[in-house]
Structure formats: C-alpha cells, structure tokens
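One line per chain: the protein sequences are A and B, in this order. Residue numbers for the first sequence follow our numbering, so the first one is 332 and each next one is one higher. Residue numbers for the second sequence follow our numbering, so the first one is 7 and each next one is one higher.
Honestly, the hints are just simulated from the structure, not real lab data. There may be inaccurate statements among the hints.
Some chain A residues near chain B, calculated using beta-carbon distances under 10 Å [what the hints assert, rightly or not]:
no., residue
1, P384
2, H413
3, N415
4, R433
In silico negatives: residues of chain A with every beta carbon more than 10 Å from chain B [said to hold, decoys possible]:
no., residue
5, L491
6, W793
7, W795
Some but not every residue of chain A turned toward chain B, in silico, with C-beta under 10 Å [as the list claims (entries may be wrong)]:
no., residue
8, V406
9, A408
10, S420
11, A435
12, L439
13, G440
14, Q448
15, L449
16, A452
17, H453
18, Q454
19, S455
20, G471
21, R547
22, E668
Note that beta-carbon positions come from the ideal geometry of N, C-alpha and C, so glycine has one too.
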Amino acid sequence: MTVDWLYATLWLAGWGAFLIAAVALVRRGERRLSPGPRDFRAPISPDSGGSDPISAYLDRMTGELALPAADVAEVRAELADHLNDSIASLEAEGMDRETAVREALGRLGPPAELGRQLRAAHQSTRRLLAGAGGGVFAAGGGFVLGSLGGMALAIVIAMLFAAVAAILGRIGVSLPDLNSRENGYAAISLLSSFIVAAGAAIATRYAVRTSAGLSRRAPRTVALFWAAAAVVAFGWWAIFSQRGLQSWPIVAGEFCIPLVAAAGALVRIERPMPHVGRWALAVVLVSVIVLPLLLFAGTTTSGSGLQVEPWSPSDFNLDTVAPAAPAAWLPPDDIVESGVGDAQAGPAEIDAQLISQSSATSGPLPIAAVLANWRDLRFEAWHSYPIGHNSGPVGIDTNYRTPFTVQPAVVEGDTLKAEFHFERLRDARSWWVVLTGIAPDGNRYRLGDGTGDQTDFNGSAWDWLTAPQ
Amino acid sequence: MRTLRGVRTSETPLAAERIQVLAAIAAIEGSDPTGPAIARMIRPGDQSLLYPALHSLEAEWKLQATWLVDADGTLHRTYRRRRLLPRRPGTVGPR
Numbered sequence: 332m333t334v335d336w337l338y339a340t341l342w343l344a345g346w347g348a349f350l351i352a353a354v355a356l357v358r359r360g361e362r363r364l365s366p367g368p369r370d371f372r373a374p375i376s377p378d379s380g381g382s383d384p385i386s387a388y389l390d391r392m393t394g395e396l397a398l399p400a401a402d403v404a405e406v407r408a409e410l411a412d413h414l415n416d417s418i419a420s421l422e423a424e425g426m427d428r429e430t431a432v433r434e435a436l437g438r439l440g441p442p443a444e445l446g447r448q449l450r451a452a453h454q455s456t457r458r459l460l461a462g463a464g465g466g467v468f469a470a471g472g473g474f475v476l477g478s479l480g481g482m483a484l485a486i487v488i489a490m491l492f493a494a495v496a497a498i499l500g501r502i503g504v505s506l507p508d509l510n511s512r513e514n515g516y517a518a519i520s521l522l523s524s525f526i527v528a529a530g531a532a533i534a535t536r537y538a539v540r541t542s543a544g545l546s547r548r549a550p551r552t553v554a555l556f557w558a559a560a561a562v563v564a565f566g567w568w569a570i571f572s573q574r575g576l577q578s579w580p581i582v583a584g585e586f587c588i589p590l591v592a593a594a595g596a597l598v599r600i601e602r603p604m605p606h607v608g609r610w611a612l613a614v615v616l617v618s619v620i621v622l623p624l625l626l627f628a629g630t631t632t633s634g635s636g637l638q639v640e641p642w643s644p645s646d647f648n649l650d651t652v653a654p655a656a657p658a659a660w661l662p663p664d665d666i667v668e669s670g671v672g673d674a675q676a677g678p679a680e681i682d683a684q685l686i687s688q689s690s691a692t693s694g695p696l697p698i699a700a701v702l703a704n705w706r707d708l709r710f711e712a713w714h715s716y717p718i719g720h721n722s723g724p725v726g727i728d729t730n731y732r733t734p735f736t737v738q739p740a741v742v743e744g745d746t747l748k749a750e751f752h753f754e755r756l757r758d759a760r761s762w763w764v765v766l767t768g769i770a771p772d773g774n775r776y777r778l779g780d781g782t783g784d785q786t787d788f789n790g791s792a793w794d795w796l797t798a799p800q
Numbered sequence: 007m008r009t010l011r012g013v014r015t016s017e018t019p020l021a022a023e024r025i026q027v028l029a030a031i032a033a034i035e036g037s038d039p040t041g042p043a044i045a046r047m048i049r050p051g052d053q054s055l056l057y058p059a060l061h062s063l064e065a066e067w068k069l070q071a072t073w074l075v076d077a078d079g080t081l082h083r084t085y086r087r088r089r090l091l092p093r094r095p096g097t098v099g100p101r
C-alpha cells in the first residue's frame, strides 16, 4: 500500500484548520454571551435594590434590550458613565443633585423606548447574516468534535460492558449476544447512534451559542430556530438519507438523533459551554487511538473454529416445501442444481441449471429437458434456520408452513433465473430458495435441494418502517 | 435619497442623528470622543437618539468603539471612524 503523503498532509492540515477556526469562532461568540472578566466600573454604582432613580432607569432600559450578557453590561456601563457626566455638568451649572438627575434622565428619553432603540441598533441585518453563517460553520466543527468525543466515550462504555460480561461469564452468568444478527446488532447500532447523537447535540449547541454571540441576540431567542433546523436536517439525514443495515434497535437509535440535536439547542442553553482542556483532549486521543490499538493487539485468533458437520439432505427439512420430484419426469442421472451470488446486502440472484452427475460435462445441460414435463416452475423462498452456525438445526425452518415470497422462474439460455430482494424485507435474514414445479400428475414437487444464504436489511429507516414483513 | 459618508439619509429622526454623529466625529478627527462629548457637540438637550445612532453606526462597521481608561482608572467608551486597517487605541478624547 502506498501513501500519498502530500495528500494525507493536506487532508489533515485542512481538517485541523477547519476545527481550529470553528473553535475560535465559538469562543468569539462565547465572549459576547458572558460578561467576561472585564470590570466595567460604572461611575454611578447602581443600588442593588434598584431604589434610586438611576438604577431604576437602567434596569428598565436593560429589561428591553434582549441582548447577550456582554452587550447588556457594556450598554449599561456606557449609559451610567453618560449619566454621571451629564449630572456632573448640570450640577456645575448650579442645579441641585435631585434636579440634575431628573434632567439627565429626561434627556435620554423613556427607558423602555431607549432599550428598544438600542436593541434594534445592535441587531442589524449584517450581524444576523454573520450569525447565521457563523452558526452553520460552528455547527460543522461541533459535529466533528462532538462525534470524536462521542466515539471516545462509546469505546470506554463498550470496554466497560465487555469487562462486566467477562466477569459475569467467569461466575457462570451468560449474557445474550447483543451484537448478533438475531438481536438486530443492538450493541453496535446503539453505540453508532450514540456517536452521531453526541455530534448532533454539540453541533446545534455550537450553532446556537455562536450565532447568538455574532448576531447579538440572547441564546434563547435563536435556540428555537436552530432546534427546528436541527430536527429537519438531522431528521432527514437519519430517516431518509442514512442507508445501510437496519433493525428495530438501529431505527430507534436513528429516531433519537434529531431529538437529541434539538435538546442540545434548547436544554440549559444559557449556560456557557464547558471548557475543553488538555486533559479532556488527552483522554479523547487515548480512547480513540490507543485503546483500539491495544484491543486489536490483544485479540487472538484460535484457528478457524469452523467444524463442518456431515449433514444429510434429510436434515434440511426440504419435504416441508414439497416432495422431491419423481425421477420419471427428470432426465436420468441429471440433477437440478441451484446457486446464488453475493446476497449479503443486495438482491439475491437465484439460478437453477440441469447438471449431469455421470458425464464429465462441466457446463449445464439444455434446460428444455426439464421444461418438457413441468409447468408453473417457480422459486420459493422459505425461512431457514440460521446459516453459518456450527451447531443447531439447519435447512428449512419447520415453524413455517408457507414460503414468505415466490418468484416465477425465467428461462435465460440453459438457466432458470429469479431475483429476490431480501434486503428490502424486514425478517428475511436466513432463507432457503427451492425450485418447484407442477408435474404431469398435477402435483407440485421440488426440483433439487435449492440454495440458501442470509441477507440483512439494507436501506433507510423509512424503508424499514414501510417494508413488508 | 441623499447620502452622507455612506450613510443613507432617509428623513427619519434616527437617520438625521446618525448624520450629525458622523459629522461631529469627523470634525474632531484624531481624538476619540466619548458619548457625552459627542452629545455636547450635536445639541445639549434631547439625547434620546444619540446612543441608538452610535450603536447602529458601530453595528454597520462605520464606527469603531473602544473602552479606554482615563487617569482616574474609570472606563469610558470612545468612538472613532472605522478604517480598513485597525489602529492602535489612543487616549480618551474630549469628555
């Protein structure tokens, strides 16, 4: 394997620059949302109870501002400074203190109106656009950082569960395999959803805090917009765009993603973002890189572990489908052999050919010899016992009395073919397909032993919800 | 619609105040006046639109506001016209 170092360096540098820029933007927004360390020493120290006319005026004015905390503090300090200056000037002209205060406040106009005018002045269209753009940019960085953090946490959780399972196993308590096909890959799907949900929550939180700071709006006023946008964007992605393996646990996890994203925008949004220090970064790096490497290094493989048992055709319960075709209506010494291509996650292309058992002919024989005696040839798909297990029953699942889907056999040259979309059926999983046909006596028989495999559902969450059983 | 130094001047009281604020700051180019100093240059009476005008001009990047400390250690917010390149903060201008 060759590594294009220039490309790899540019890729890493690009992502690094993007994340640094996103974090810098978030911090810039954060500075506006908290009063910060700057000490605005207002010349007129307002009465904490708001009983003096100046404090009461400033309180009523700031009540109308609806600006981030840093802007409120600045406006209040600036107007206090202004009032202090005005009162001093008026007193120098000979006014008494009480009259000077009344006159200075009167010149600034009604406090509520002044607050509204100042709010309109701060919340300009230019800042609104900057806030929207900055919010989207910060959301991108937040999604990446949140996903990395979620990944680190997921690895730690998985290792803790593995340790608990190992301890319980030693004392004789066996836990169900939460990552088996039969259990819908619950463990890995929940962890995957957890990682994406963590990224979505941080993304919307970054977006709200950054856009509020840049657009000079209180976080609560922009949170609703970002929550709605997050539900639409992450909901669309999780329900319609995210395609692949699906099961009920996976679908449930995917539906949680937009809800968690909205919660990230709404829950305690006024609180500052926690500072991510060096220790947190070190823990993330250790969890994401070092622990998986150790886990991988510690994994031992003990041979193939596969023991092929000598099954006989009767073990496959093929008579559940139909009786075997009488030899009288099949070419002597020939059998119908079925096969299937790769059907793990895509359509299963089933074919059946007439193969000679006695001659050395390697290719299929003319299928016309079969078609002459048989009509209504079709491939029947039956549920089967789990394929690939070393123990337990095999072949057709005898709990079912009918096939779960049927396709007519189409002649293509010397082959009978059919295509099944098991990847769009919720409970196909392990299946067995058998070619059957109606003989001259009017009864349906099976031709050959068929073939089987296992297929996972492959599609979106919406495909899963609307799929036939 | 008339314009003065890039500011649209529709005939609203706030727009008129913005024009006067810009003219006052331009008149004392070189020092950084505070709000009260600008108010005294415009008119001594009604100041209800002074800070909305100052803050809207700052939001539109036409003015740059800076907190400066005077000799008493008190913070004052000063204003200057925004230039393309940032300038080093000076001292508190007329108060």
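Ascending list of hint numbers which this structure does not respect: Structure breaks hints 1, 4, 20 and 22.
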